[in-house]
Amino acid sequence: MKQIHFYFDQQRCTGCAACAVACKDWNHLPAGSAPQWRRVYTAELGHFPAPDVLHLCMSCFHCDNAPCVKACPTGALYKREADGIVLVDRERCEGCRACERACPYGAPQYQPGDPRMMKCTFCIDRQMQGLAPACVEACPYLALDAGSREQLQVRHGKLSPLSIKDFPGLNAEHEATRPSVFVRRRTPRQATDVNEVKLRRNGRATNHLRTVEGPSTAQWKRQAAQPMPRQRRRGRC
Amino acid sequence: MLIDRRTFLGLLSGASLGASLSLRAGEGMRSGKRRITPSVCDHDCGGRCLMQVHVEDGMITHISSDPQPVWSGSVADTLAVPLRTCTRGRAYREQVYSSQRILQPMQRIGRRGTGKFKPVSWDEALGRVAENIERISAKYGPAAIFSGVGAGSQSALNSAFDLQMLLARRGGFTGGWTSPSWEGAHFAMQYTLGLNDEAPATEYADGADVEDFLNSKLLLLWGWNPAHTHFGTETKYILQRVREAGIPMICIDPVYTETAALWGSEWLPIRPGSDSAVLMAMAYVILDEGLEDKHYVEQFVHGTDAYWQHLRGTNDGVRKDPRWASALSGLDAARIAALARQYAVARPANLVAGYAPGRSAFGEQYHRAAIALQALTGNVGRPGGGAAGHMVGKPLRYATTIQTWWGQFVRDVEVRDADIASIKTSRLASAILGGKDVDPASVGSYKALPSSIRMLYCVAWNLLNQLPNLNKTRQALESLDFIVVQEQRMTATARYADILLPACTMLERDDFTWPWRDRGEYLIAQVQAIKPRGESRPDYWIFDRLAEKLKLEPLRSGGDPRQWLDELLALDDHAPFAELASHGVLRQQRKKPWVAFERNIREPEKYPFNTPSGRIEIASNTLATMDFTASSYGRDIPSLPTYLENVDERNSKPLRFPLQLITTKAQNRCHSTFAGNPYLEELSPGVVWINPQDATERKLPDGATVKVWNLRGCLQLLARVTERILPGVVMIHEGACYQPDAEGIDLGGNPNVLTSDDTSPGGAYAYNSARVEVGLVAVTDG
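If you read the protein sequences in the order shown, they are chains A and B. Take 5 as the starting number for the first sequence in the numbering used here and just add one per residue. Take -4 as the starting number for the second sequence in the numbering used here and just add one per residue.
Treat the hints as calculated values from the structure; they're not laboratory data. Just so you know, these numbers come straight off a predicted model, no measurement behind them. Heads up, the beta-carbon is just placed ideally off N, CA and C, and yes, glycines get one too. Fair warning: there could be bad hints in the mix.
[To be verified] Residues from chain A shown here face chain B by an in silico Cβ test under 7 Å; the list is partial:
| no. | residue |
| --- | --- |
| 1 | Val25 |
| 2 | Gly36 |
| 3 | Ala38 |
| 4 | Ala47 |
| 5 | Glu48 |
| 6 | Glu141 |
| 7 | Pro144 |
| 8 | Gly207 |
[Said to hold, decoys possible] Take a look, some chain B residues computed to stay more than 12 Å from chain A by CB distance:
| no. | residue |
| --- | --- |
| 9 | Gly42 |
| 10 | Pro62 |
| 11 | Arg88 |
| 12 | Ile104 |
| 13 | Glu129 |
| 14 | Phe156 |
| 15 | Glu253 |
| 16 | Arg307 |
| 17 | Ala322 |
| 18 | Ser417 |
| 19 | Asp493 |
| 20 | Ser647 |
| 21 | Asn663 |
| 22 | Pro673 |
| 23 | Leu678 |
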């Protein structure tokens, strides 16, 4: 199976989130911290006078071993043969949120008032027109790229897949999904105490890399109780 | 659509990057009801980035940007720097369609500040404005009208300066002469390097092209964080290249900024306000160890001996050595000495003196000390060096005449007309509240005010957000007879207007603009994407109709804005607007980076420095001889770079107000432009940065709601407890929406409720000199 990958250069990211805003602009997502298909986590390390800061720019990583696809009881989530993009068929989604629990990256997301899951599409609509994903095209620091392994190798040389060492909060669960992203790691400065870590997303403290600000389970249950509109299923794109 | 987009992409990737970036966007790209037009932000960040506005059925559907370059391994490989918009530009659709937009002319019906208005027609609104201009100037004199020309919108045709041109023809106005950004730098540049307002615009430059950073062997970024402030679209790419080339960049800043983290080779946390002390101690080491460029100093520098006596403490008995500076700055004395040596031998070295440390109680001293250091090491006028001054580059070849056109016009009028007064802008509230009898020196007027200020006309100026001491400013606004605000959104200032005139955004009109001087050589078009929303109108249209109401000659003849744009472009021999619009960007690749004062160094006989001695004046002859207390500065200013303690007179009790406040730029706003945009607000709540040491003392957990206060005011926001800031210092980003509650506590988290409206002796705003205390909301009540 072919696979398209993201490339993230941690040595260039300033955490400005132009990618996140561009993603919302292109995909017409509402303002607010959920949904946020593309998001930036910031880790503050060490102590004054030797602190350091790292960013991890995340979206759905269209994993090789996608736990969301496995967890989906209705078959709404699927991975395309042609390019390995993981998509959701929103008409088959019953909103059970199993994918949300299964994904360690917080990629499957819900927006208020919508009981069905939504997620990063790798800007498949743009790609079909020969355009780069919105986030990639947006990065003012040229820290993001996308392409096949071969294309990325030509542009960036040796590639390293996302690893636990890239960012605090990443663990074996993240590596096990075999995410389709290569990272050029920024090593923290000497003298920085890397064990002293504070994680933030959208300027607020967090202690994991998931996104949990979707509707509460109670809200979801109320929404899910409403009958789903029956629509003719469109073919997979 | 699909084919069109593909064609579009094909054209883009085939476009040559060089003399012109051929976009084939704009009018050439119409396809049915969908089209893509080029535009560019004209706000006050200095960046000018290409925006592609996607329009479908008269609605903006997406904003995209410069897709160039196709990726390459190193930024250095790219032929031309991509002009990609930042986070803020990406959220521009919301700027246009926001519920905060003012969509019709309005008249106030409630009390000022409550935001209660009723819609009126353009005819009625402008009629009332004209009527009040006439009434107030008849009663008090034309200088009773303060022209609030803001920096929120900086395009060629839609320029806030039109207001001053109109009022000048009407008989006069009062304006402001100090800049909130860089007055300290400007002062230092005048009296050290000899550049002043009277110099021809082509000579008025002490900066260098940003590419010149690549010629340096060492960069000291002093209080400068372009990762947040941008300071030109190209700056960040050049800094990336500097880092990739392995040129050391030392960041001297109270905060471990993104610039320090990403591009800096080292961070030196310095106590705010002690910058001039550290710079003087570096000069001490350099002169003490004979590390100065002796040949250069002999030829080009005036006052080195006097400075050395001053540093040795011949007069005051205080030796300004690294130990002395260490106690003031918190930096290690040995590190200061080592830094001085490292800097002195790394020729050429560039001390990039950011404006922020100059926005303090004695800001000009910091800039004077920085220029002195660059002069002693022979770096002024040398490629890879720099003047450490104002960072004003030479006017673009592309826009020389246009850039000086507006200032020139107002100056011409000023010569003719006696009734134009000028005050320090930050002293506006004092001038209003003090009336005609206010002490001229205290408000920065060189003579008694001809009239008390009774009316305010603001264009793209959110003064009740950006001026210091907001509670006092609010009181001043409440006392005025009449306030006109010409604005796109319902700002804090707009809520105080008697008449609101809705200006349209840059995506709703034709215009063009260019980057700040020395931050890129290109012109860039703003092609109208959609019709102005509601009854909002372009600024030029509003001034045109107002001229009619005032029975004045129109500012421009004819009625076609495209023709006016053509005329403006013709001033610098450019092709008509239609051609610029079809390209989007017209770019000029420089052959060799330009550096200010290069010719003064190369041909000193022919081009001496424009100072009394003809040299760089570390000891300023003008400052030594002129009585500044009798000038519009109103205060005495030392003739040698001098460390003076950073004071906040009103909040001087160290036990009550132990923390030093600094106010810096946010990544998700440009001053107050973009404040309240939900797509940007979601990225960060309003926070005060505080070191864990100070937070623990006050029992403040990370994320807690806290109050920050001093005797000027109080605000509420969240605590961001972080190791990235020096203990004893707190930081709040400027520009948040001022929202005072019933008790006057600002719930918007705008730090200007705490800052002082007093200026430095040289006129610099003292934004970074306020002292404050922080506490948990529940505990600090009462």
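Here's how the hints hold up against the structure:
no.	hint	in the structure
1	Val25	holds (4 Å)
2	Gly36	holds (6 Å)
3	Ala38	violated (10 Å)
4	Ala47	violated (11 Å)
5	Glu48	holds (6 Å)
6	Glu141	holds (5 Å)
7	Pro144	holds (4 Å)
8	Gly207	holds (3 Å)
9	Gly42	violated (9 Å)
10	Pro62	violated (5 Å)
11	Arg88	violated (6 Å)
12	Ile104	holds (31 Å)
13	Glu129	holds (45 Å)
14	Phe156	holds (30 Å)
15	Glu253	violated (4 Å)
16	Arg307	holds (30 Å)
17	Ala322	holds (17 Å)
18	Ser417	holds (38 Å)
19	Asp493	holds (32 Å)
20	Ser647	holds (26 Å)
21	Asn663	violated (8 Å)
22	Pro673	violated (4 Å)
23	Leu678	violated (5 Å)
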